[in-house]
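K.L.:
First to last, the protein sequences are chains A and B.
Anchor point for the first sequence: position 421 equals 420 in numbering that gives the first Met the number 0, and the numbering is continuous, going up by one each time.
Anchor point for the second sequence: position 50 equals 49 in numbering that gives the first Met the number 0, and the numbering is continuous, going up by one each time.
Treat the hints loosely; a few may be bogus.
Only part of the chain A face toward chain B is listed, based on derived beta-carbon distances under 7 Å [said to hold, decoys possible]:
| hint | residue |
| --- | --- |
| 1 | L17 |
| 2 | L18 |
| 3 | R51 |
| 4 | L56 |
| 5 | R58 |
| 6 | L67 |
| 7 | S69 |
| 8 | R70 |
| 9 | L71 |
| 10 | T249 |
| 11 | D253 |
| 12 | D257 |
Below 35 Å or equal to it, Euclidean Cα-Cα: the simulated DSBU-like pairs (lysine-lysine) are [unchecked claim]:
| hint | chain 1 | residue 1 | chain 2 | residue 2 |
| --- | --- | --- | --- | --- |
| 13 | A | K193 | A | K325 |
| 14 | A | K206 | A | K291 |
| 15 | A | K333 | A | K275 |
| 16 | A | K325 | A | K255 |
| 17 | A | K364 | A | K384 |
| 18 | A | K275 | A | K206 |
| 19 | B | K66 | A | K513 |
| 20 | B | K141 | A | K416 |
| 21 | A | K255 | A | K206 |
| 22 | B | K70 | A | K409 |
| 23 | A | K333 | A | K409 |
| 24 | A | K513 | B | K24 |
| 25 | A | K372 | A | K275 |
| 26 | A | K416 | B | K66 |
| 27 | A | K409 | A | K275 |
| 28 | A | K409 | A | K364 |
| 29 | A | K409 | B | K141 |
| 30 | A | K255 | A | K333 |
| 31 | B | K137 | A | K409 |
| 32 | B | K66 | B | K24 |
| 33 | A | K416 | B | K137 |
| 34 | A | K9 | A | K318 |
| 35 | A | K333 | A | K291 |
| 36 | A | K291 | A | K372 |
Here are some of the chain B residues that sit facing chain A, going by a computed Cβ distance under 7 Å [as the list claims (entries may be wrong)]:
| hint | residue |
| --- | --- |
| 37 | I20 |
| 38 | D37 |
| 39 | A39 |
| 40 | R136 |
I should point out that these hints are in silico values taken from the structure, not numbers from a laboratory.
Keep in mind the model is a prediction, meaning the values are calculated, not measured.
Using N, Cα and C, we set each Cβ at its ideal position, and we do this for glycine too.
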Amino acid sequence: MSKTPEEQTKHLDEMTCLLYIERQLDRARGLEVSAHTQDCADCRTLLRALERESRLLTRAMLEEDEPLPSRLAQFQERARNSMQWIWGLVFGLAATGLYALYTGYVQPWQQQLEQAGFGGSNLLGLLIFQGAFWKGWQSMITLLEVLAMLTLAGIAVAFFRRRIRRGSALALMFAGFCAVLTLPTAALASETRKGESARVSSEETIKGDIFLFGDRVKVDGTVEGDVFLFGHDATVNGHVEGDVIGFAQTLQVDGKVDGNIRAFTNTLTIRGTVAKNVLTFDERVNLEAAGKIGGSLTVFVENLNLEGSLGRDLLVFGKHVTISGKVGRGIREKGAGLTITSSGEVGGPIHYEGDTPAEVSPSAKLASPVEFKKLEHKRDYRQGKYYVWQVIWAAAFVLFGLVLMSLMPKFSQDAVKSSEEYGASAGLGVLVLCGVPIAAVIACVTVVGLFIGLSALFVWYGSLYFAQVIVGALVGQWLMGRTSQLWPLIGRMAVGVVIVRLCTTIPVIGGWVKLGVIIWGLGAISIALYRRFQPVIVPGGTPGSFTQPLPPNTTVGGVQPA
Amino acid sequence: MEPLRPGRMSAPGITEPTEAITRAKAGDAEAWGQLYHDYAPAIFRFCRRALPTREDAEDATMEVFMKLRGKLNQYDSTRSFTAWLYKVAANHCWDTLRRRKSRQDKETGDLENVPLEHPDPSQLERLIEQRSSEEVRKALAKLGARARMALVMRYYSDMSYDEIADALGVRRAFVGVVLLRARHELRQALEGSSALAAGGAS
């Protein structure tokens, strides 16, 4: 349709037409437009077309082309039906079951074992490390590890999902997992060998890293990168130029390792040479006479027998430590016993905290005498000092809560609110209490995550205390009523914390109360933390802004121009 | 309860869920569930139209309701609940889109230039007559974030120019421009030609 320039200037522009049909023009202008459209068929058609367009848009958008997704429907069910009591029931039953299991099976077993001469042994240690109760503990630990890793991965997905697109989040997660596996390999290629017996033969030289999975795993040749061992019996006879990371029942290092050893085993024996450090979690560690570690040895162990040579420090969390070899620098031990034989030699200070004093042979060569501190196992309820300390502790908790709540008022309030979701808090609390340390330990062992692992442990440890503050605040609210303001909440927290602390000092059940409080609070913090990662929306405006100057007229009705 | 018609829920004759809101404010989970049941489909569809993917819309719906749960005490019961709900949803969706920086820069620069063209009305009519709702929805999905958001707020949830201006962070006087440009973009997406959108959606 062609128009002369004169005609075109006479026509209404589209903006005016739109504002007219939307009733956004002032009265005078509206009348002008109305009058114009009486005479101008072209503009009438445009108005009609714009209105049809509005209708088409509304219709297209209103059509229910998709049902409500099941995820949202389930969310609805959750919103409608409070499942708290079911969770409570489940946890109650589980607790009863555990108690029955303990009194019916574990306690009699413990008594029998004590009668059989196993008295004094830590039961959990006995169960886990010696497999006395059930040989399947190793598998259970593996399962727990997997669960813990999955939990962490789930939390990570939930976190990233809120930040970036879903596809990207998944891609990132996969990339992350791949990175965890491949990061230590840097630019080197990696190789994987699986089977009943996976080995690197003596004439072989592996250019990059190698992953060995098998019942019997053996490295006889040379590996120019890192070695990852997963097996029942693992042996390193050859030369590893990188690190050795091992998960095995027994790991024996007879060859030469230029890097570090990080292991999670039942028995670790070192007869060869390790140039750098060793970090290990085991039941038994033997550094034999021929064995040599250039760096330090950090070990979580039941029995450590050190006959060989250690270049730097020894840090032990364990039961029985025997030093017959040479320790280049100091020793720091927390455990049950320390023996230094006549051939023992220690080049630095020895700090030992344990049940019994160290047995040191007079002919042992020590740079300084052993500093011994007796481990306190039991509280002395009869001493007044104990109660003074309890008061100090309670005050410290209140102070800690005061500082945290002042620093993070919103988060603390959210956490207290979350703690009212009893079931979810308890469930998540158990998961976080067990899962985070396991995942952190795994992260520490697998080189790449040392910093992440230690940070996670640190935060987790801090949360154990914060959890008690949160539960304290809730208990305070029960007694003194709800509040949404900070200072009244702090007051309630102080009262609640004192009550919680009092409950935790009750003999026998106090420990259980404390555990329950920690689990509960930890879960509440986790829920609040999860919610904190949700995106914050722009505040929803004041209700006053809803006033409309003119009623919207998007679906025709109102003034018909033609 | 019959599903409520979104965008028209606040129309006269539709009763506001006053009782359910009062109970939900007092912490009644059942009342909250009822509100969710009645309003979630409409909010989901709002988010579905405004956001690029179905997953985004699902997430946004849940987040809007979680946010509402915390904000319910701030709701002034003398006002329309639906309008308030849509305002929260619109703010949430727009915030999500803005965070992703998916808005094109061109969208901010064009507002000062008010389009004054007079397109060929019969051609526009033909274009509209030929298109189905499904085609319009597909075309909507191709629009820029602000254009889509503006159209959804106006033609789905019936929000006023003031509310749209407030949500998008533009002056009220420019809401018409945003809407007209959005229509131009839509026509372009529908048609694939720029004849009807000339000078509009550049």
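K.L.:
So, for every hint listed, does it hold in this structure?
P.N.:
These are the hints, each one checked on the structure:
Taken as an interface hint, L17(A) checks out: its beta carbon lies about 5 Å from the nearest beta carbon of chain B, inside 7 Å. Restraint check, L18(A) versus chain B: the minimum CB separation of about 5 Å is within 7 Å; hint holds. Interface hint at R51(A): satisfied, since its Cβ lies 5 Å from the closest Cβ of chain B, which is below the 7 Å cut-off. For L56(A), the shortest C-beta to C-beta distance to chain B is roughly 4 Å, which falls under 7 Å, so the interface hint holds.
Below 7 Å, beta-carbon pairs count as interface contacts, and R58(A) has one with chain B at about 6 Å; its hint therefore holds. Checking L67(A) against chain B by beta carbon gives a least distance of about 5 Å; that is within 7 Å, so the hint holds. The criterion of a C-beta within 7 Å of any C-beta in chain B is not met by S69(A), whose closest approach is roughly 10 Å, and the hint is violated. For the restraint placing R70(A) at the interface with chain B, the shortest Cβ-Cβ distance is roughly 6 Å, inside the 7 Å limit, so the hint holds.
About 6 Å separates the beta-carbon of L71(A) from the nearest beta-carbon of chain B, less than 7 Å, and the hint is met. Given hint, T249(A) at the interface with chain B, is violated; its Cβ is 48 Å from that chain's nearest Cβ, farther than 7 Å. The interface hint given for D253(A) is violated, since its Cβ lies 54 Å from the closest Cβ of chain B, which is over the 7 Å cut-off. Interface hint status for D257(A): violated, as the beta-carbon distance to the closest one in chain B is roughly 47 Å, over 7 Å.
Under the criterion of a C-alpha separation no larger than 35 Å, the hint pairing K193(A) with K325(A) is inconsistent with the structure, at around 38 Å. With a C-alpha separation of about 25 Å, the suggested pair K206(A) and K291(A) falls inside the 35 Å cut-off, and the hint holds. As the CA atoms of K333(A) and K275(A) are separated by approximately 23 Å, the hinted pair is consistent with the 35 Å bound. Between the alpha carbons of K325(A) and K255(A) the distance comes to roughly 19 Å, so the proposed pair stays at or under 35 Å and holds.
A hinted pair counts as satisfied when its Cα atoms are at most 35 Å apart, and K364(A) with K384(A) does not qualify at roughly 40 Å. Distance restraint check for K275(A) and K206(A): the Cα-Cα separation of roughly 21 Å lies within the 35 Å cut-off, and the hinted pair is therefore satisfied. Annotation: proposed proximity of K66(B) to K513(A) holds, straight-line Cα distance about 33 Å (limit 35 Å). Among the hinted pairs, K141(B) with K416(A) is inconsistent with the structure: their alpha-carbon atoms are about 42 Å apart, more than 35 Å.
For the hint linking K255(A) to K206(A), the alpha-carbon distance of about 16 Å falls within 35 Å, and the restraint holds. The suggested pairing of K70(B) with K409(A) holds, with an alpha-carbon distance near 14 Å, which does not exceed 35 Å. For a cut-off of 35 Å, the pair hint linking K333(A) to K409(A) is broken: about 40 Å separates their Cα positions. A threshold of 35 Å between alpha carbons decides the hint, and for K513(A) with K24(B) the separation of about 34 Å falls inside it, so the pair holds.
For the hint pairing K372(A) with K275(A), the CA-to-CA distance comes to about 30 Å; that is within 35 Å, so the pair holds. Note on K416(A) and K66(B): the hinted pairing holds, with a Cα-Cα distance of about 14 Å set against a maximum of 35 Å. Restraint check for K409(A) and K275(A): not satisfied, since their Cα atoms lie roughly 47 Å apart, outside the 35 Å limit. This hinted pair does not check out: K409(A) and K364(A) have alpha carbons roughly 58 Å apart, beyond 35 Å.
Simply put, K409(A) and K141(B) have alpha-carbon atoms about 39 Å apart, too far for the 35 Å limit, and the pair is violated. Distance restraint check for K255(A) and K333(A): the Cα-Cα separation of roughly 30 Å lies within the 35 Å cut-off, and the hinted pair is therefore satisfied. At most 35 Å may separate the alpha-carbon atoms for a hinted pair to count; K137(B) and K409(A) exceed this at roughly 42 Å. Between K66(B) and K24(B) the alpha-carbon distance is near 13 Å, which keeps this suggested pair within the 35 Å criterion.
Only pairs whose Cα atoms come within 35 Å are accepted, and K416(A) paired with K137(B) is rejected, the gap being roughly 43 Å. With a C-alpha separation of about 98 Å, the suggested pair K9(A) and K318(A) falls outside the 35 Å cut-off, and the hint is violated. Distance hint between K333(A) and K291(A) is fulfilled; the C-alpha atoms sit about 23 Å from each other, no more than 35 Å. Distance restraint check for K291(A) and K372(A): the Cα-Cα separation of roughly 29 Å lies within the 35 Å cut-off, and the hinted pair is therefore satisfied.
The closest approach between the C-beta of I20(B) and any C-beta of chain A is roughly 13 Å, which is over the 7 Å cut-off, so the hint fails. Against a cut-off of 7 Å between C-beta atoms, the interface hint on D37(B) is violated, since the closest Cβ of chain A lies about 10 Å away. With a least beta-carbon distance of about 6 Å to chain A, the hint placing A39(B) at the interface is held under the 7 Å criterion. The interface hint given for R136(B) holds, since its Cβ lies 5 Å from the closest Cβ of chain A, which is under the 7 Å cut-off.
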